[in-house]
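Q: Respectively, the protein sequence lines represent chains A and B.
One point on numbering: in our numbering, the residue at position 117 of the first sequence is 117, and numbering is uninterrupted.
For our numbering, count along the second sequence from 1 and bump the result up by 369.
By construction, these hints were calculated from the structure, which means they are not laboratory data.
Any given hint could be a false lead.
Below 25 Å or equal to it, Euclidean Cα-Cα: the simulated SDA-like pairs (lysine to any residue) are [claimed, not checked]:
# : chain 1 : residue 1 : chain 2 : residue 2
1 : B       : K632      : B       : I384
2 : A       : K184      : B       : N425
3 : A       : K184      : B       : V510
4 : B       : K632      : A       : R180
5 : B       : K632      : B       : S378
6 : B       : K632      : A       : S263
What the simulated footprint calls covered on chain B by chain A, stretch by stretch (three residues with Cβ under 8 Å from a Cβ of chain A suffice, anywhere in the stretch; the number is not a length) [said to hold, decoys possible]:
# : stretch
7 : 486–499
8 : 577–591
9 : 610–624
Some but not every residue of chain A turned toward chain B, in silico, with C-beta under 8 Å [as the list claims (entries may be wrong)]:
#  : residue
10 : I77
11 : I185
12 : I189
13 : L191
14 : S195
15 : F199
16 : V328
We put the CB at the ideal spot given by N, CA and C, even for glycine.
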Amino acid sequence: MMESGPITGPVATDATAGETALRSSDLAGIPAKPNPAAEERGGTIWQRFAFRRPLAALILQRLGLSVGLLFAVSLMIFGGIEALPGDFATTYLGQSATPQAVENIRQDLGLDRPWSERYLSWLGGAVQGDFGTSWASRNSVSEQIGNRLGNSLFLAFFAALVSVPLAVGLGMLAVQFRNRLPDKIINVISLAAISLPEFFIGYLLIMYFAVEWGVATFPATVYNGMGFTDRLSAIALPVATLVLVVLAHMMRMTRAAILNVMSSAYVETAELKGLGTFRIIARHAAPNAVAPVINVIALNLAYLVVGVVVVEVVFVYPGMGQYMVDAVTVRDMPVVQACGLIFAAFYIFLNMAADILAILANPRLRHPR
Amino acid sequence: MNLRTIPFSAWIGIIGIAIAIFCALFAPLLAPFGEREVVGDVWLPAGGDFLLGTDNLGRDLLSRLIYGARTTIFVALAATVISFALGMILSFTAAVTGGFVDQFFSRFNDLMMAVPTLIFALVVLAVLPQHLWILVLVMAVLDSTRVFRIGRAVALDVAVMEFVEAARLRGEGTVWIIFREILPNTLSPLLAEFGLRFAFSILFLSTLSFLGLGIQPPAADWGGMVKDNKDGIIFGISAALIPGGAIAALAICVNLVVDWLMKRTSSLKGGRGDA
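Looking at chain A on its own, in the form it has when it is part of the complex:
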């Protein structure tokens, strides 16, 4: 764990920072071991491939692992829902519904088939991009998601575009002035920012920027055929909220990652040799800090994809998060399952990207013992 400061804000990142480390050691598995004997013994095709191209083998392995994980998650999302009590038909019709009416609805929605059959047909459809029809509105789920996913990604993309350089810059500034006034100010402010709920930041920004000063628009409505600049001005406040939410966390992790490198023995040696600060940072610290910082960024981007849920609800922005929350309140399961799977997929693959980038940036990880 490179993290030591308190972390509470983002849901996932604190744990996933350790998760990747754990994964690389626990789940790396046997085939990636560059076994010198493999060539002589012949071994399987995979063993020979892993020996000749350890990097490609490692990356392929991570890809396979993520796909497997996604499959397991889909099983959990679908099977878990089946195992839990509660039934759409009775919720939909109310407690006083006749058994006949409940039975009709169940047949209508196909709930009378065994769950394994429904899971397979659902998964088969999901792989092809077809998530079935919504129970509540009878619209195609994929069509709705197609429109909204783009909106959500648009929002997350611009939030990342602003927050990543800002976080890395501020993190480096905090390291440069470590334990002096700028560092302390950044530390206290980021600690406070981590503790703020997303909706509080959102409404605070709306209150001042949209209502009091009238410089921004609320609600953040976007529609098809809207001009690019109009769209940008509409998402200004949601992006600002997301940036504030993710910035403090990313910055603290960047600071911790760089400090970790700066307090290592070779940097101390460089200091004792009498090298200048700039030379130490550029030649000794930076190449070693790249891997953890990239890791931090990817993990926070994974959080960003999830963070859009609350922000979209606050700003009435037509994205995936809003869609999912609406579906949850009316218990529209096909929509909930589809959105859950897509969010989980983004999360898993960004975590995987963090993993692979860390392997690429750190030669030592390529040869696990």
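Starting from the known structure of chain A, arrange chain B on it as the hints suggest.
A: Only chain B this time, still in chain A's reference frame:
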């Protein structure tokens, strides 16, 4: 421990938490009006009879804030305690037993953590009926995955110590080893973690309530109060910001204390790094 060694920021945190807990404990005595009592017009400005104004139904905001402290703190605390009990028992069992049990628990934990907590909660709450204890349980189970990860790492460090081995050779059972050997030696780092998870629980509960999936009205709860009053924002009525600020203030206070606890724990380890 010397009282004078506690830094200023930690004092702010301790005082803030104390005020919140005091409000939660003595809510009926402190609140000027009832929790569900409609006392005036909708969205009256602050001042006069109503110190913080009234909410979207004309209920006194201050009274609801005080009662809300009760709900929010109680539910968040209950969820944290259960998640710790669950996470620590499972993680210590995994660390002590090792082998297949460890692999099984750890891989299942990885699977649970592969889905973001909020998304997981949304999916699960979409199916389950809306009861308070179900909400607490869902929060606790989802949070226990994080506790499990840290508990296992900490316990593995302790499980290889000589005194654990000595206990094993003495013929002590697994339960004894978990509660009498490992637990006392891991309490210090886990205490800081407890604070961290508590702050997170407050934020998570508020987020769920804000999305309309947490505590159900008419019970007062800070996240739900933001949801109730959010429509006033467009008219420049700041009623939604007050409970939001309360959540933020409590979370900041907890974090300030945790920050101090963590620094204390890490300074015990020594070393050059201040990371």
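Q: So which hints don't hold here, by number, going up?
A: Per hint list: 2, 3, 11 and 12 violated.
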